[in-house]
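From just these sequences and the hints, can you work out the full model?
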Amino acid sequence: MGKMVEGVFAINKPCGLSSAQVIRDLQKHFQHSKLFEPYLSFEAAQRERVSANQNKRRRNKEIRVKIGHGGTLDPLATGVLITGIGKGTKSLQDFLLCTKTYEAVILFGASTDTYDRVGRVLRRAPYEHLTQEKVEKALGQFRGKFMQLPPLYSALKMNGKPLYEYAREGKPIPREIERRPVDVLELELLEWMEGGTHNHKAPTETAGHAEVKLADMLWEQENVVPAGGKPKKAEKRKLSESQDELVVERPASKQQKSTEEQQATMSGALDPASSTPLPEAAETEPQPEAVHESSSPEQVPAATEPTPQAENESKGPPAARIRMTVTSGFYVRSLCHDLGAAVGSAAMMAELERTRQGEFEVGKDNVFEYDDLQKGEDVWGPKIGGLLEAWETGKYGQIAKTEITEEDVSMGEAKATEGEAKATEGEAKATEGEAKAMEGEAKATEAETKATEAEAKVVEGEQTDAPKSEEKQE
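Going letter by letter, the sequence shown gives residues 0 to 473 in numbering that gives the first Met the number 0.
Be a bit skeptical, because a hint or two may be false.
Stated by the list, open to error - Pair ranges (Cβ atoms, derived):
| # | residue 1 | residue 2 | range |
| --- | --- | --- | --- |
| 1 | G362 | Q140 | 27 to 35 Å |
| 2 | P37 | P171 | 51 to 59 Å |
| 3 | K314 | K394 | 43 to 51 Å |
Just so you know, these hints were derived from the structure itself, not from any lab. Please read these numbers as outputs of a predicted model, since none were measured by experiment. We put the beta carbon where it would ideally sit given N, CA and C, even for glycine.
Here it is as structure tokens:
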């Protein structure tokens, strides 16, 4: 049996695949490969050692190469995806603590329910007033430490129920969506793209009554005031008992159209007087899972080429490419969405690439290219084997265990100080204990002294009584 390879390496994830799908693809190629044959043979031998009466379910389960990843990337995103093999999966937790660098493209002029271009449009907003200088100035408020509200669909469930179901049932969200402390170490504008000079487009599908209603409840409970004022409740349309108001919408009447601007949006909403209402659309029940579990590139809309504009038409919304270095738990989509609100417009994330995580960086020889999997084991085998060997020898990945932020250092110093204080307290108690022990020894010595004196008196008494006895006998 050859050498068994395990450890950690990074793969450059393509757009359109979920992180889970990338892991499944790796497992498919590794399962019957020569590189991982020793690993599978070892696992089979381990399985045989288990008694026939023990773990029957495990014995009957197919033996596979154990693979995991250290930090999810959405299907839309590309870049570094840390992957662990075998015992390397135990080290993946370390990579959740290290800093990450992202490059993102922000498209202005519209916001979506998922905060990116694969969602459905909640509202379109003016963008003619936007300039590079205005956006650069607004970026300043997103540097450093602050509390960030996750995207709506990232919150997923409360009390076991998806958030959009609360909207469907007309029930309030049971508790606030928890904000997370984040730290943006670096944030810069790399490129400003005027409308008509780029190929980024907002999605064509629009959100319906359920999403607007959910946004209402969210922002009311969060006490968040989007740009332009506090959101108002969405107009509730009356339907027959056989119709579900959140699944099918009747065409809006003239009176309803006149109140269309009263519909609320999520963060980044505009003053109704300055925003452009969306056309009515048939509504189907939201399925956030589809956004996060796409399994083929076709499920993520591809950016289109810019089309010629008529002279009397706008050139389209501007876009900006930014780069940031952030700590764990940061949502790039939230930054894009909130930046749109900060500049008096709306925005979404059009592209995202994780260029670095820990010591692994796109473009360097320590990141495996996903496309090489299709070239056969003769191509990918030596590369994967080399990366795992480099991990085992400590060449790559060690920064994940040593790279910490100033906040981590402060926390460590605080814990060290607390430990020293406890140690000092322990020493004081030990000294007190020693003093009490010495006091106890002194008392014991005193007791022994008294006992010795008592014995001496007894002996003395016996000696005094002896002559008297002799006299009586005479």
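Of all the hints given earlier, name the ones this structure violates by number, lowest first. none
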